Amino acid sequence: MSGDHHGSSAISERVRHVEALLEARGLVDEGEIDRRIDEFLAGGSPANGARITARAWVDPGFRDRLLADANAAIREVGLSMAGGLQEQRLKVVANTEDEHNVVVCTLCSCYPIALLGPSPAWYKSEAYRSRVVRDPRGVLEEFGLELPAATRISVWDASAESRYLVVSRRPEGTDGMSEEELAGLVTRKGLIGTAAV
Amino acid sequence: MSRINDVGGMVGFPAIAEEPDEPAFHADWEAHVLALNAALIRRGVYNLDEFRDAIERMEPAAYLASSYYEKWFTAITTLLVEKGVATPEELAATGDAAGA
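For the record, the sequence lines run as chains W and V.
So for the first sequence, my numbering puts the first residue at 11; every next one is plus one.
So for the second sequence, my numbering puts the first residue at 23; every next one is plus one.
Hints are computed from structural coordinates only; laboratory data are not their basis.
Do not take every clue at face value.
Taking CB as the label site, the calculated pair distances span [unchecked claim]:
1. W:Gln96 / V:Ala46: 13 to 23 Å
2. W:Arg179 / V:Thr109: 50 to 60 Å
3. V:Ala87 / W:Asp185: 23 to 33 Å
4. W:Asp39 / V:Pro36: 39 to 49 Å
5. V:Phe35 / W:Ser164: 19 to 29 Å
6. W:Asp167 / V:Asn69: 35 to 45 Å
A few chain W residues that don't get close to chain V, going by computed Cβ distances all over 10 Å [stated by the list, open to error]:
7. Leu37
8. Ala92
9. Glu107
10. Glu109
11. Ser172
12. Met187
Just so we're clear, the structure is a prediction, and the values are computed from it rather than from any experiment.
Heads up, the beta-carbon is just placed ideally off N, CA and C, and yes, glycines get one too.
Isolated chain W (complex conformation) (with noise of 0.2 Å):
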């Protein structure tokens, strides 16, 4: 099941050799394999996802150009989507009194890495993939976030030009925090919608 990790010693060989087999063929330079991880490690993080939101909390102009045009709106606050192998539409949704959102990629592992960093397992597990667009309500009780009978849950798959982007109700008793505080409490799980902020 995907998410295992075992057999790890014999697959590790098998890369091994093919990365030589390629830089033998002059397909890979030396030292790309790593240059290329570090960029990846670095390329993104929750902390991303978290500034977005915060903005969009502050900033009802910022908020409604980010909803209407999320491509545009986070060049704003320096953030882009076509950092990758290719730019990709990214859709923002916003939580209300009234509705809670939540993104899957149920063909695979689709997701904003620029936005978020590197995706957990769960999210590209099977288990995740096939349950939530079935049962949401039931999946988001799993995380631990039960929410009202009353609130609707839309579920976003994303795709391989698609990509979507979560943003939380701003949690009461936040009126005197400054924008950094606020990012400070936006987890990945809240930009992802299977946690509340």
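Given the coordinates of chain W, assemble chain V onto it according to the supplied hints.
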């Protein structure tokens, strides 16, 4: 006809397992697989859609038995053969190449 990767709504999968403080990669080879794939796509050996397709057309039992980056490695080696970069024999680590 849908392929095995199209699991949305399918029943029978287990509960979702969250891993506290999960690292970006669980083993070094996973990071190397990710970087190899990026290198080959940047070189134009194959494109991103071909890569996704190569995962999605995995034999269903193998797909379900493979971890996330094992699927990636299967797709990479499938495409290297189909694009004529290497033969299956060359890609399979021999006793010598594996360094035992």
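Verification of the hints:
{"no.": "1", "hint": "W:Gln96 / V:Ala46: 13 to 23 Å", "in the structure": "21 Å, holds"}
{"no.": "2", "hint": "W:Arg179 / V:Thr109: 50 to 60 Å", "in the structure": "56 Å, holds"}
{"no.": "3", "hint": "V:Ala87 / W:Asp185: 23 to 33 Å", "in the structure": "52 Å, violated"}
{"no.": "4", "hint": "W:Asp39 / V:Pro36: 39 to 49 Å", "in the structure": "42 Å, holds"}
{"no.": "5", "hint": "V:Phe35 / W:Ser164: 19 to 29 Å", "in the structure": "22 Å, holds"}
{"no.": "6", "hint": "W:Asp167 / V:Asn69: 35 to 45 Å", "in the structure": "22 Å, violated"}
{"no.": "7", "hint": "Leu37", "in the structure": "6 Å, violated"}
{"no.": "8", "hint": "Ala92", "in the structure": "14 Å, holds"}
{"no.": "9", "hint": "Glu107", "in the structure": "27 Å, holds"}
{"no.": "10", "hint": "Glu109", "in the structure": "21 Å, holds"}
{"no.": "11", "hint": "Ser172", "in the structure": "14 Å, holds"}
{"no.": "12", "hint": "Met187", "in the structure": "26 Å, holds"}
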